[in-house]
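Please construct the entire structure, taking both the sequences and the accompanying hints into account.
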Amino acid sequence: MKKLTTLILTIILLLQSIPIIAAPKELTISGTIEVIDIVNRQITILDWDDNLHTIDLPKEIKVTDLYFGQEVIATVRDRNTVKIQLIEEDDPTRDGYIIPNTRFRVGTVLFATNQDIEILTTKSREKYKIDPFSTTIYKKGMVAELRQLKEGDRVLLTFNDPYSSTVSEIKIEDEEKHIEGVLKGKIEMVDERNKEVIISQPKVLNQGVWTGTVQKTQIKLGTGSIYEGGKKLTLSDLQKRKGLEAYVAYENAFGKQSVGKMLIKAGSSMEYNDLLQNIDYGNGQMIVDSNMFFFHDGTIVVKDNRLVDSLNLNKYQDIYLVSDFKNGMKQASVVSIEGTTLLEDRIDGSRLLVYKGKIEDVLDYKLILGNNFKLDKTILTTAGFVSNPSSEEMIFTEDTLVYDSELKKNIPTKSFLDSKYIDLIDIKDKSLRDRIQKDYYKNKPAYVVARETELGKEVLSINLVPQETNSYNQLVRMDYSTLGEIKNIDQGTKTIELTKVTNYNTLTKRWEKGTDETLDLTKAIVLVNDKPISLEEIYKIRKTSKAYLIKQKLSSNSTTYILLIED
6 MKKLTTLILT
16 IILLLQSIPI
26 IAAPKELTIS
36 GTIEVIDIVN
46 RQITILDWDD
56 NLHTIDLPKE
66 IKVTDLYFGQ
76 EVIATVRDRN
86 TVKIQLIEED
96 DPTRDGYIIP
106 NTRFRVGTVL
116 FATNQDIEIL
126 TTKSREKYKI
136 DPFSTTIYKK
146 GMVAELRQLK
156 EGDRVLLTFN
166 DPYSSTVSEI
176 KIEDEEKHIE
186 GVLKGKIEMV
196 DERNKEVIIS
206 QPKVLNQGVW
216 TGTVQKTQIK
226 LGTGSIYEGG
236 KKLTLSDLQK
246 RKGLEAYVAY
256 ENAFGKQSVG
266 KMLIKAGSSM
276 EYNDLLQNID
286 YGNGQMIVDS
296 NMFFFHDGTI
306 VVKDNRLVDS
316 LNLNKYQDIY
326 LVSDFKNGMK
336 QASVVSIEGT
346 TLLEDRIDGS
356 RLLVYKGKIE
366 DVLDYKLILG
376 NNFKLDKTIL
386 TTAGFVSNPS
396 SEEMIFTEDT
406 LVYDSELKKN
416 IPTKSFLDSK
426 YIDLIDIKDK
436 SLRDRIQKDY
446 YKNKPAYVVA
456 RETELGKEVL
466 SINLVPQETN
476 SYNQLVRMDY
486 STLGEIKNID
496 QGTKTIELTK
506 VTNYNTLTKR
516 WEKGTDETLD
526 LTKAIVLVND
536 KPISLEEIYK
546 IRKTSKAYLI
556 KQKLSSNSTT
566 YILLIED
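Here the numbering used here is used: the sequence shown runs in plain steps of one and ends on residue 572.
Hint data in this document are derived by calculation from the structure and do not stem from the laboratory. Beta carbons: idealized from backbone N, C-alpha and C, even for Gly. Take the hints with a grain of salt, since some may be wrong.
Label pairs and their calculated CB-CB ranges [claimed, not checked]:
| no. | residue 1 | residue 2 | range |
| --- | --- | --- | --- |
| 1 | Lys221 | Asp495 | 20 to 28 Å |
| 2 | Asp302 | Arg198 | 25 to 33 Å |
| 3 | Gln290 | Lys237 | 41 to 49 Å |
| 4 | Gly235 | Arg198 | 50 to 58 Å |
| 5 | Phe138 | Asp572 | 31 to 39 Å |
Under the rule of at most 27 Å between Cα atoms (straight-line distance), these lysine-lysine pairs were calculated in the DSSO-like manner [as the list claims (entries may be wrong)]:
| no. | residue 1 | residue 2 |
| --- | --- | --- |
| 6 | Lys155 | Lys320 |
| 7 | Lys236 | Lys270 |
| 8 | Lys449 | Lys518 |
| 9 | Lys371 | Lys414 |
Dropping the structure here:
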């Protein structure tokens with residue numbers, strides 16, 4: 006018995022000494038793809054509890070098979086992704102009841118209005134309805150306005166009713182897919198395994214000038230496409246074209262350059278900067294500067310830093326055209342649509358108008374602007390500010406920002422409506438208080454930014470400017486428009502640095518290239534996506550945002566009175 010007891014104790018001790026190996030921890034993540042990192046082969050999944058998970062992709066998964074917003078089920082074991090199940094939109098296992106918002110489409114915006122949206126998918130063109138009252142737009146994870154949707158945006162459309170053609174949500178992909186620039190250079194090496202191309206002697210197109218700063222550049226193919234003429238090529242095909250020159254519209258996703266679209270150069274270069282006089286989509290022909298050019302599926306067309314379709318080219322657009330001349334034919338290789346301003350007609354049917362006039366009256370939430378000059382997209386491309394002999398009546402709201410550029414002070418909106426609605430003691434600045442008390446602003450000149458819809462014109466912001474001794478009509482001729490991109494913001498000095506500058510010449514009726522500028526905003530009103538902000542909030546402006554300015558030049562220096570930002 007003692008021997009048996011001893012044996013049992015020995016076995017127990019031996020068992021205790023054997024290490025117990027825990028089973029690998031396994032995690033299943035279900036959700037939608039929020040970020041696709043092509044360079045590092047990673048995706049970020051937003052699960053159904055609104056948690057984000059960044060995981061590596063298994064080797065068997067092709068990045069090109071993944072879509073922004075696509076539903077996936079990932080199995081992760083000890084931080085290693087062992088399986089990813091891609092849920093197809095038309096999953097045959099989903100019989101019977103279909104959960105709302107589980108039907109989706111992914112594509113690039115071809116056209117859109119406040120009634121419908123047409124997208125280009127990998128297979129076809131598809132058109133869906135938009136309900137302006139119930140379709141919700143998301144950009145950068147936040148609710149946005151329909152007018153912020155642009156041609157060339159990559160979008161995810163979801164549907165509440167899987168059997169309806171009406172879109173319930175439109176998610177706009179972030180800026181990582183926007184075109185950083187266009188370069189040309191020689192194809193030196195093609196790495197099919199890592200999907201990379203090395204371009205030697207690269208030159209980047211910057212305001213009509215090709216400039217080179219490095220000897221070589223390495224570009225990932227990513228989800229981009231390669232063309233020779235109108236024919237699509239594979240990396241294997243490109244391997245046989247080493248030594249040839251190519252144009253590349255490139256993205257800068259996650260700090261790495263990747264191909265948006267590449268086109269093999271097909272002849273000697275010719276470049277034009279002019280209006281598009283005519284276009285024939287069916288035969289792939291356009292006329293610029295009285296010359297005929299052929300375009301095709303491989304033609305690189307860029308608008309607002311987005312790759313767009315050749316169908317987005319229209320008569321009378323101001324374009325920069327890079328063509329290849331061969332065998333007596335001119336091929337349109339790169340077309341950049343220039344001079345698109347924030348005064349363009351917008352998808353939601355609204356448009357911004359800029360006025361310069363005299364404040365006749367403000368009463369009952371109405372602003373009467375007399376002796377005014379109006380500037381909009383149509384007028385801008387013909388003659389600048391144009392006189393409007395009749396008075397304009399506009400809606401004035403509590404959210405209208407009113408600014409006195411001489412005193413560099415915001416005016417309380419209620420006091421501008423009627424000084425009896427405000428206690429003047431609350432206005433600390435004596436000069437401002439005196440002006441409000443004496444109705445100083447009646448019949449004084451002002452710039453007015455208004456948004457026009459079918460229901461009328463709403464005043465967004467007013468900039469009251471000094472009464473100059475010059476003739477009022479002469480002063481308007483000193484005003485001019487500038488386009489650019491925000492390069493830097495200095496909150497302390499209330500200045501911004503503008504790059505990619507173009508100025509509108511009202512004599513030639515053309516946009517002309519300018520140099521980088523630093524602009525003083527202390528006399529300006531600033532609006533971001535139609536919302537006026539104070540000068541204390543300019544830090545909110547994002548670098549690379551598109552900027553449109555109205556400036557007045559009375560001497561060697563210009564004064565900025567209006568800054569419109571589109572983010």
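Against the structure, the hints:
no.: 1; hint: Lys221 with Asp495: 20 to 28 Å; verdict: violated (35 Å)
no.: 2; hint: Asp302 with Arg198: 25 to 33 Å; verdict: holds (27 Å)
no.: 3; hint: Gln290 with Lys237: 41 to 49 Å; verdict: violated (21 Å)
no.: 4; hint: Gly235 with Arg198: 50 to 58 Å; verdict: violated (28 Å)
no.: 5; hint: Phe138 with Asp572: 31 to 39 Å; verdict: violated (24 Å)
no.: 6; hint: Lys155 with Lys320; verdict: holds (19 Å)
no.: 7; hint: Lys236 with Lys270; verdict: holds (13 Å)
no.: 8; hint: Lys449 with Lys518; verdict: violated (34 Å)
no.: 9; hint: Lys371 with Lys414; verdict: holds (22 Å)
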